[in-house]
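Trainee: One letter stands for each residue in the lines below.
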Amino acid sequence: MATPAQLGLQNATSPIMEELIAFHDHALMIIFLISSLVLYIMSLMLTTKLTHTSTMNAQEIEMIWTILPAIILIMIALPSLRILYMTDEFIKPYLTLKAIGHQWYWSYEYSDYEDLAFDSYIMPTYFLEPGEFRLLEVDNRTTLPMEADIRMLVSSHDVLHSWAVPSLGVKTDAIPGRLNQITLASMRPGLFYGQCSEICGSNHSFMPIVLEFIYFQDFEVWAS
Amino acid sequence: MLATRVFSLVGKRAISTSACVRAHGSVVKSEDYARPSYVDRRDYPLPDVAHVRHLSASQKALKEKEKASWSSLSMDEKVELYRIQFKESFAEMNRGSNEWKTVVGAAMFFIGFTAILVILEKRYVYGPLPHTFDKEWVAMQTKRMLDLKMNPIDGLASKWDYEKKEWKK
Chain P
13 MATPAQLGLQ NATSPIMEEL IAFHDHALMI IFLISSLVLY IMSLMLTTKL
63 THTSTMNAQE IEMIWTILPA IILIMIALPS LRILYMTDEF IKPYLTLKAI
113 GHQWYWSYEY SDYEDLAFDS YIMPTYFLEP GEFRLLEVDN RTTLPMEADI
163 RMLVSSHDVL HSWAVPSLGV KTDAIPGRLN QITLASMRPG LFYGQCSEIC
213 GSNHSFMPIV LEFIYFQDFE VWAS
Chain Z
22 MLATRVFSLV GKRAISTSAC VRAHGSVVKS EDYARPSYVD RRDYPLPDVA
72 HVRHLSASQK ALKEKEKASW SSLSMDEKVE LYRIQFKESF AEMNRGSNEW
122 KTVVGAAMFF IGFTAILVIL EKRYVYGPLP HTFDKEWVAM QTKRMLDLKM
172 NPIDGLASKW DYEKKEWKK
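Protein chains in written order, with the working numbering: chain P, 13 to 236; chain Z, 22 to 190.
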């Protein structure tokens with residue numbers, strides 16, 4: 013989860029998130045360069061003593077500032093598309109489970125196992141154990157095996173929701189009548205928090221997601 | 022009925038009279054902005070018309086003298102010719118002003134006013150913070166985050182020395 017007043021992205025837990033962080037740094041560097049260049053030029057324009065401000069023929073610079081942005085855009089688009097296709101790569105998942113959004117909780121169905129389904133409500137603040145995180149804890153965490161490809165099917169029972177876990181780089185809209193598929197993989201064990209990311213009513217801010225990644229053997233024990 | 026007729030006649034007269042005054046009452050000039058005009062602009066150094074359009078007799082004589090060699094003009098005459106042509110010199114038109122002090126002062130005043138509102142809000146309107154903001158709870162929370170090894174790469178858990186059980190120097 014994020015530490016207070018955190019500005020940047022959370023540390024990556026999945027390989028896709030690592031790629032996203034690298035792409036974010038790349039795109040942000042380009043944005044900073046362009047913004048500082050524009051700010052510098054604006055400051056020059058505001059403090060010039062030159063008086064001839066009506067432009068005439070400027071063919072060369074027009075060429076440059078048409079071609080150069082096109083090249084910059086290509087340099088942003090290529091890594092972006094690469095990651096986009098990477099998320100869609102065909103994998104053979106170890107586990108498939110469904111996350112169904114309701115107003116205002118998530119329910120998880122592990123259809124690979126018999127009879128494994130549960131609801132996941134937010135833990136109210138006055139019920140928190142000492143040291144737990146306000147507005148982030150749930151009563152039943154979603155337990156998953158680490159270092160395994162997991163297929164997550166996200167849908168909704170009523171209105172639009174969105175199932176998001178930032179440290180895994182996952183955000184998938186939960187649309188009623190539709191199954192959206194996303195693959196998860198965690199490189200580390202532990203708890204990873206997320207929150208509903210599509211406005212869904214009065215308790216939209218109060219339906220968090222907690223993924224508990226544990227070792228394979230422990231997961232098999234838990235599931236049975 | 023006669024009275025209303027008289028009143029309407031007087032009323033109409035009053036309206037038309039005031040309209041006439043507005044159109045021709047001002048002696049100076051009625052600006053026609055479609056015609057070439059004089060401007061004092063740094064990026065338009067040579068305005069379309071001269072500043073003084075109706076020259077006095079002495080100014081007309083000076084303009085005649087200008088047609089001869091310029092070395093015969095005195096400094097005062099050159100300045101007079103300049104002032105006929107231009108209203109303000111570059112130094113005069115580019116002069117700074119004290120407007121920035123007014124702007125900064127007004128901005129600080131409004132920021133201060135907003136700060137007063139925020140302080141009153143915090144004091145009289147808001148309820149207490151949740152108990153999870155207490156120092157002890159935050160300490161327990163931080164310990165839990167370290168135990169869970171949250172953000173171990175360059176975030177919180179990476180700043181904790183797990184062997185020595187203290188923050189990394």
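Calculated from the structure, these hints are not laboratory results.
Treat the hints with care, since some could be wrong.
In silico BS3-like pairs for lysine-lysine, Cα to Cα no more than 27 Å straight-line [said to hold, decoys possible]:
{"hint": "1", "chain 1": "Z", "residue 1": "Lys170", "chain 2": "Z", "residue 2": "Lys190"}
{"hint": "2", "chain 1": "Z", "residue 1": "Lys189", "chain 2": "Z", "residue 2": "Lys170"}
{"hint": "3", "chain 1": "P", "residue 1": "Lys183", "chain 2": "Z", "residue 2": "Lys170"}
{"hint": "4", "chain 1": "Z", "residue 1": "Lys86", "chain 2": "P", "residue 2": "Lys61"}
{"hint": "5", "chain 1": "Z", "residue 1": "Lys99", "chain 2": "Z", "residue 2": "Lys88"}
{"hint": "6", "chain 1": "Z", "residue 1": "Lys122", "chain 2": "Z", "residue 2": "Lys143"}
{"hint": "7", "chain 1": "Z", "residue 1": "Lys156", "chain 2": "Z", "residue 2": "Lys122"}
{"hint": "8", "chain 1": "Z", "residue 1": "Lys86", "chain 2": "Z", "residue 2": "Lys122"}
{"hint": "9", "chain 1": "Z", "residue 1": "Lys88", "chain 2": "P", "residue 2": "Lys61"}
{"hint": "10", "chain 1": "P", "residue 1": "Lys61", "chain 2": "Z", "residue 2": "Lys108"}
{"hint": "11", "chain 1": "Z", "residue 1": "Lys189", "chain 2": "Z", "residue 2": "Lys156"}
{"hint": "12", "chain 1": "Z", "residue 1": "Lys180", "chain 2": "Z", "residue 2": "Lys190"}
Residues of chain Z clear of chain P, computed beta-carbon distances all greater than 12 Å [claimed, not checked]:
{"hint": "13", "residue": "Asp64"}
{"hint": "14", "residue": "Leu102"}
{"hint": "15", "residue": "Trp158"}
The following label-pair restraints were derived from C-beta to C-beta distances [what the hints assert, rightly or not]:
{"hint": "16", "chain 1": "P", "residue 1": "Pro142", "chain 2": "Z", "residue 2": "Lys190", "range": "25 to 35 Å"}
{"hint": "17", "chain 1": "Z", "residue 1": "Glu187", "chain 2": "P", "residue 2": "Phe35", "range": "33 to 43 Å"}
{"hint": "18", "chain 1": "P", "residue 1": "His38", "chain 2": "Z", "residue 2": "Ala136", "range": "34 to 44 Å"}
We treat Cβ as the ideally placed atom computed from N, Cα and C, and that holds for glycine.
Trainee: Work down the list of hints and note, for each, if the structure agrees.
Mentor: How the hints compare with the structure:
1. Z:Lys170 to Z:Lys190: The hint holds at about 18 Å.
2. Z:Lys189 to Z:Lys170: Status holds; Cα separation ~15 Å.
3. P:Lys183 to Z:Lys170: holds, 23 Å
4. Z:Lys86 to P:Lys61: Violated, because 35 Å separates the two Cα atoms, which is more than 27 Å.
5. Z:Lys99 to Z:Lys88: holds, 13 Å
6. Z:Lys122 to Z:Lys143: violated, 31 Å
7. Z:Lys156 to Z:Lys122: Violated, at about 44 Å.
8. Z:Lys86 to Z:Lys122: violated, 47 Å
9. Z:Lys88 to P:Lys61: Status violated; Cα separation ~33 Å.
10. P:Lys61 to Z:Lys108: holds, 20 Å
11. Z:Lys189 to Z:Lys156: holds, 21 Å
12. Z:Lys180 to Z:Lys190: This hinted pair holds, its Cα atoms lying about 8 Å apart.
13. Asp64: violated, 4 Å
14. Leu102: About 22 Å separates Z:Leu102 from the closest Cβ of chain P, which puts it past 12 Å; holds.
15. Trp158: At roughly 7 Å from the nearest Cβ of chain P, Z:Trp158 sits no farther out than 12 Å, so the non-interface label is violated.
16. P:Pro142 to Z:Lys190: 25 to 35 Å: holds, 29 Å
17. Z:Glu187 to P:Phe35: 33 to 43 Å: 36 Å Cβ-Cβ, so the 33 to 43 Å window holds.
18. P:His38 to Z:Ala136: 34 to 44 Å: Given a distance of about 40 Å, which is inside 34 to 44 Å, the answer is holds.
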